[in-house]
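Novice: Both chains are given apart, each in its own frame, so use the hints to dock them into the complex.
Each protein sequence line maps, in turn, to chains F and D. Numbered according to our numbering, the first sequence spans residues 1 to 113. Numbered according to our numbering, the second sequence spans residues 1 to 113.
Hint data in this document are derived by calculation from the structure and do not stem from the laboratory. Even glycine gets a Cβ: it sits at the ideal position worked out from N, Cα and C. Keep in mind that a hint or two might mislead.
[Claimed, not checked] Derived Cβ-Cβ restraints for the label pairs, each shown as a range:
| no. | chain 1 | residue 1 | chain 2 | residue 2 | range |
| --- | --- | --- | --- | --- | --- |
| 1 | D | ALA41 | F | ASP26 | 17 to 27 Å |
| 2 | D | GLN44 | F | GLY51 | 41 to 51 Å |
| 3 | F | ASN30 | D | ALA41 | 18 to 28 Å |
| 4 | D | GLN59 | F | ILE15 | 19 to 29 Å |
[To be verified] One side of the interface only, derived from the structure: several residues of chain D facing chain F at Cβ under 8 Å:
| no. | residue |
| --- | --- |
| 5 | PHE88 |
| 6 | ASN100 |
| 7 | GLY106 |
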Amino acid sequence: NAGVTQTPKFRILKIGQSMTLQCTQDMNHNYMYWYRQDPGMGLKLIYYSVGAGITDKGEVPNGYNVSRSTTEDFPLRLELAAPSQTSVYFCASSYGGGTYEQYFGPGTRLTVT
Amino acid sequence: GEDVEQSLFLSVREGDSSVINCTYTDSSSTYLYWYKQEPGAGLQLLTYIFSNMDMKQDQRLTVLLNKKDKHLSLRIADTQTGDSAIYFCAEILYGGSQGNLIFGKGTKLSVKP
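Next up, chain D with everything else stripped away, as it sits in the complex (with noise of 0.2 Å):
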């Protein structure tokens, strides 16, 4: 069956840079998906990456994408207090029109000052 492993926790200091990591299952997901959820929101996208894609650079955020291990990550530079949250990797099946995510169980990224 489908599934997505995340680590639980991750403590960075300020300034230094985060790598969250996610492994998957399911080698037909055309799109893989970061989310950020701050304590008591609802989630909020911050990223994705579309299958064919190795790297996708969006301001402090690189997400990297190896399929042949099924291994994707986020990393975060110069990270700042403001990005204590718990990250959520999730990939959507193949043709899923519904737009059936599989969630991991998310990483919570702490930043000391």
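Just chain F, same shape as in the assembly (with noise of 0.2 Å):
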């Protein structure tokens, strides 16, 4: 099993750019994650999925969209980059809720200028 998979490990954009950020696991896990990880800080939520078709906000979801249409995968996708959203972005999975482990992937390491 690859668990949990991101893809790019590294981007530089520009103000205003877009992108999205890709997750899948194999795990057939429910629950899926973003969080992102400034510099010195622990993780914030972004967003989260419950299970395909149902999402919802975290603690900084403002400047990101997401959307779950398949277990598997979890896209997080930035619109109208701007330099705050500099961060490293980690995506994890969990096959339930409350206390179940979280999985998480590698990680992708996002600078905007």
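Specialist: Shown next, in the form of structure tokens:
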């Protein structure tokens, strides 16, 4: 099993550009999450999904959109990129909510200049 | 609001014990977690403790929970250079059916040979 995979690993965007961060898991997990990690900080939840077709906002959703059309995929869309979105983005998945272990992908390092 | 605090750095010698401390504010937290992040990688769950426990031991890892003081610690016995990483404390909110983890900023552990 590959677990949670994310693409791309690195990306540089210009202000105002858009892009989609891809996340795929092969563990048949219902729950998926997007976090961002700013330098010297913990992770902040952007969006999460409890199953295909169901998404909800986390702590810091502004400037992002998500969709969940399949169990495996949970892409994160950045519209009109801003320097404040420079961060490392982690996707995670878990079998269930609550106390189930979240498995993390390797991250996407995004720089907006 | 919810907050998780950790010291930012800890340096120890190989073979010594490491103790990483964390305080949290939400008294209704049900589970508390320790995650490890190696350079350039995603987070990996190390261990967790349920809020009605005082201590949990797992091989070289010992977790102590003082619920009265809202203080959590992670002790790593016989610390090795491979333990060098950032360690995140996280709490899950009561009724967090979505698995909404609140992370601290992380403690960077450096192990000197």
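Novice: Does PHE88(D) pass the interface hint, meaning its C-beta sits closer than 8 Å to a C-beta of chain F?
Specialist: holds, 6 Å
Novice: I want to verify a distance hint. Is the separation of the beta carbons of ALA41(D) and ASP26(F) within 17 to 27 Å?
Specialist: Once the Cβ atoms are compared, 19 Å apart, the range 17 to 27 Å for ASP26(F) and ALA41(D) holds.
Novice: Holds or violated: is there a CB of chain F closer than 8 Å to the CB of ASN100(D)?
Specialist: Holds, because the Cβ-Cβ distance from ASN100(D) to chain F comes to roughly 6 Å (cut-off 8 Å).
Novice: Is it true that GLN59(D) and ILE15(F) lie within 19 to 29 Å of each other by Cβ?
Specialist: The hint (19 to 29 Å, Cβ to Cβ) is violated, given that GLN59(D) and ILE15(F) are roughly 48 Å apart.
Novice: For the pair GLN44(D) and GLY51(F), does the Cβ-Cβ distance stay inside 41 to 51 Å?
Specialist: For GLN44(D) and GLY51(F) the Cβ distance comes to about 25 Å; the hint is violated.
Novice: Range hint 18 to 28 Å: satisfied by the CB atoms of ASN30(F) and ALA41(D)?
Specialist: Between ASN30(F) and ALA41(D), where Cβ atoms are some 24 Å apart, the hint holds.
Novice: Should the interface hint for GLY106(D) be scored as holding, given a Cβ-Cβ cut-off of 8 Å against chain F?
Specialist: For GLY106(D), the interface hint holds, since the closest Cβ of chain F sits about 6 Å away, which is under 8 Å.
The structure fails to meet hints 2, 4 from the earlier list, while all remaining hints are met.
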